[in-house]
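Starting from the structure of chain A, add chain B where the hints point.
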Amino acid sequence: MTGGRPPRLAERWLHIVLPADVAHAFCGDLAEEYARVRATRRWPAVWYWWQAASVTTRYLIEAISLSPRSSRSVVLGLTQDVRIGARSLARAPLSSLFVIVTLAATIGVNTAVVGVIDAALLRPFPYVDADRLVQVELSEPQKGVHTIEAPYLTFLEWRQRTRTFDGLAAHVTFGLSLGGDHAPEPVHTTFASASLFSMLGVEPVLGRVFTAAEDAPGGDTYQVVISHSLWQRRFGGASDVIGRRVLLDMEPYTVIGVMPRGFGFPFRSDAWAPAERWSYRTSPTLRTHRVLARLAPAATITQARSDLESVSLQLEREWPRTHEGLRATVIGLRDAESGGVKPYLLLLLGAAGVLLLIACANVATLMTARGIGRVPEFAVRRALGMSRWRMVRQLPVENALLGIAAGTLGLFAAIYGVGMLPHVIPVDLPLWLEVRPNARMLFASAALTLMTTVIFGFAPARAVRRSPSAARPATMRGTTSMRPLLTGGQVALSVVLLVSAGLLVRTARNLNEQSPGFRAAGLVTAHLSLAYDSSPRRCPFASASSARPLRFDR
Amino acid sequence: MADKEFLGEFEQMVLLAILRLGTNAYGVTIREEIEARTGRAVSRGAIYITLDRLEAKGYLRSSLAEPTAERGGKAKRICRVEKAGVAALRASRRALVSLWHGLGPVLRDS
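Taken in order, these protein sequences are the chains called A and B.
Position in the first sequence counted from 1, then plus 52, gives you this note's numbering.
Position in the second sequence counted from 1, then plus 320, gives you this note's numbering.
Everything labelled a hint here was simulated from the structure, so no lab data went into it.
One or more hints might be untrue.
[Unchecked claim] Reference excerpt, derived from the structure (chain B facing chain A, CB under 7 angstroms, subset only):
#1 G347
#2 T349
#3 R364
#4 Y368
#5 I369
#6 R391
#7 G392
#8 K394
#9 R397
[As the list claims (entries may be wrong)] Counterexamples of contact, computed for chain A against chain B with all Cβ distances above 10 angstroms:
#10 T92
#11 R211
#12 G253
#13 T263
#14 T381
#15 L399
#16 M438
#17 H475
Using N, Cα and C, we set each Cβ at its ideal position, and we do this for glycine too.
Next up, chain A with everything else stripped away, as it sits in the complex:
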């Protein structure tokens, strides 16, 4: 959760580029306006970056216009190079467009993949001391069974007997029907231990969270803390929401608190009620609750594992019927949430990287051909007095123009496409994952642009650098030696990508074709959210559908 703070990196950039007093006052002005922009625009950070870029450019132009003549002439020379480069690219619009689209597509894909990897593996969890948070899981080594959920009663024993944790909290999430003054709507409701909030280091923005006394047998468990989005959506952000009564699955709860914007633990919960409220529906063997724990300051994961191992043995001795062969184990929260997808995402990054290299090789071949075609033009310009240095830098300037255009287009494609990526890649990403454009993606895009510009620009620059002042067939010999290298590299990379893609598809197909243990052909599933109600007051449709499974008739 970044709050209302402007992008730090952009602020730092302004402090580097602008005079100190101007940067100070300007950043203050932008910070003041940023709060307003956040309320009215979709991507306030983009607005901020735009302002930073715009003022930097203006100051740069001002500095040039005030600078001595020699440095001004360098800048004017570069401006002329850019103009000539743009004209030359416009003369061959199709090939320029091909280069820009090819590079933009691959830069976009790579940037989007970086965005997903950032969200899944790099971005820290928005909780205090998140690397001390662990998940306690249950396994039966003899049967080869492992579950991330545990029975609520077992959790209570863990909480009482372990010594290596600062706290343990159980939580289980259901889709409940929220009723009350308005039309009912399904809400993800998490029944959690009271210690959950303090363990995560998150405090409500309004009211309070439930206490340990309320989350205990005999406590007043009809308390609910709601999410910021539910507060806005359902109650219009009313400040007197505290104390209101709402119906969750027909049962009356009192709203006691509102959590900060963006908080939805474990992923997109809208309400939190005491775990004890739901405990009466559990059994000693039903594995329903996930268990979150915070390691004690001096404890390590290994110590926590042996602590839980000894507790598991105690439980097995005391209640062999329900705990025989059961062992508790600990895994870091980051690994628990996204460890499984790490190899797939890295594979995806590798594939995207190879794709980028192929695109670079393609573009390099095209640009070399273009460079060769322009040798006569350069010969004429040299004959008219253009320096060799000026000739050599002309192509990199053109490449940079293409690179910047492709990079910008790729970045926008990534910003719009990154949200879709989790739905199109063959990887089951964690449900909590929220992929959104950020500064890291901007950097990735800039770095990729620079890298591709250098890679695809190398061959054509070499071709022209070797050319003498007049167009001679010798030039062609010098440059054509690069072609087999480029083509060979391109073919090799394509083969690597094709083989990897083939293996990936085969693995995915094998996984899909694995027998689920029942005949899946012709079966469909349907999800129906109804209020929990054990009385015979169920609506006729629900009664009928639970009595007779739904089926499609041919």
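Showing chain B alone in chain A's frame:
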């Protein structure tokens, strides 16, 4: 008269906006005042560069106010028009009025 330097259009707008705003003239309010009065979009960079330029010419003076939390702990750069600035505004206005004089029939709004 020959070496007299007249203010540019945007410089005049900035100085006039500062005069209108009194003691609350800083980057944000100056830009908003010009946009509200002229209906013209103004970039933040243009405002700051013009303020620097006018300050270098001695037409205005700026000082930093107390930092506030609303501004991320940063101070406002409060601007005040100097006597030389007012004189430059008067000279520019006089020059324009003199050029406008007698052109009423030609430039009258239809």
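- Message: When the structure is checked against the list of hints, which entries are broken? Sort them ascending.
- Response: 2
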